[in-house]
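Visitor: The UniProt record's numbering puts the first residue of the sequence shown at 1, with every later residue one more than the last.
These are computed hints drawn from the structure, not numbers from a lab.
Quick list of the computed label-pair ranges, beta carbon to beta carbon:
{"id": "1", "residue 1": "Met-114", "residue 2": "Arg-75", "range": "51 to 61 Å"}
{"id": "2", "residue 1": "Glu-83", "residue 2": "Thr-51", "range": "20 to 30 Å"}
{"id": "3", "residue 1": "Glu-120", "residue 2": "Ser-36", "range": "39 to 49 Å"}
{"id": "4", "residue 1": "Ala-121", "residue 2": "Thr-95", "range": "13 to 23 Å"}
{"id": "5", "residue 1": "Gly-50", "residue 2": "Ala-125", "range": "21 to 31 Å"}
{"id": "6", "residue 1": "Glu-48", "residue 2": "Gly-74", "range": "15 to 25 Å"}
{"id": "7", "residue 1": "Gly-74", "residue 2": "Ala-125", "range": "39 to 49 Å"}
{"id": "8", "residue 1": "Ser-61", "residue 2": "Arg-117", "range": "33 to 43 Å"}
{"id": "9", "residue 1": "Ile-115", "residue 2": "Gly-37", "range": "52 to 62 Å"}
{"id": "10", "residue 1": "Gly-77", "residue 2": "Gly-116", "range": "48 to 58 Å"}
{"id": "11", "residue 1": "Gly-116", "residue 2": "Ala-143", "range": "36 to 46 Å"}
{"id": "12", "residue 1": "Ile-115", "residue 2": "Arg-73", "range": "45 to 55 Å"}
{"id": "13", "residue 1": "Thr-18", "residue 2": "Glu-66", "range": "17 to 27 Å"}
{"id": "14", "residue 1": "Gly-37", "residue 2": "Ala-125", "range": "33 to 43 Å"}
Every value quoted in this text rests on a predicted model; they were computed, and no experiment measured them.
Beta carbons: idealized from backbone N, C-alpha and C, even for Gly.
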Amino acid sequence: MFNRRSGSVSFEIVQLTTTSLLALRALVLLARFRRSGQRATAASLAVELGTSSSQVAKVLSTFVDEGLIDAHRGRGGGLEISEAGLSTTADTVMTLAEGERPHEGQTGNPDALMIGRLPEALEAARKAYLDALSGYTLADLAATPPGDLGLRGVPTIGSQLR
Numbered sequence: 001m002f003n004r005r006s007g008s009v010s011f012e013i014v015q016l017t018t019t020s021l022l023a024l025r026a027l028v029l030l031a032r033f034r035r036s037g038q039r040a041t042a043a044s045l046a047v048e049l050g051t052s053s054s055q056v057a058k059v060l061s062t063f064v065d066e067g068l069i070d071a072h073r074g075r076g077g078g079l080e081i082s083e084a085g086l087s088t089t090a091d092t093v094m095t096l097a098e099g100e101r102p103h104e105g106q107t108g109n110p111d112a113l114m115i116g117r118l119p120e121a122l123e124a125a126r127k128a129y130l131d132a133l134s135g136y137t138l139a140d141l142a143a144t145p146p147g148d149l150g151l152r153g154v155p156t157i158g159s160q161l162r
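All chains should be built: construct the whole structure from the sequences, respecting the hints.
Guide: Given below as structure tokens:
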């Protein structure tokens, strides 16, 4: 994207990073737990996701701040996806999970990507990728049997989510 003020160009090549994939998987698990009337903790999600509870807590803190996850303290507490969280789309999860950090593959040298119409092609690819994810809410993904997500245009997600 071209920033007219600074004259710089940056390209965010959208991909499933470790952070966005962990966020998406954790939120889908929380949606499934909600359907069964359960709450989860960062520790229980970490076991399910095969990672540390501190990493889960760090990734999900953004979603608590955004109101997509309700965090309950004390006895019977835990994490629960909110109504807003259930209606959130996968592209929003990716955008929130990655924040403003540079993505893998993004170059620090904007001139390196200024080859003909390459900037247009990369921007079109980014939009198409997010558009493919925008048709799926977390509730939709949670309702799909594990291993059968069948996402159009994003074949690698189906094999990654439980």
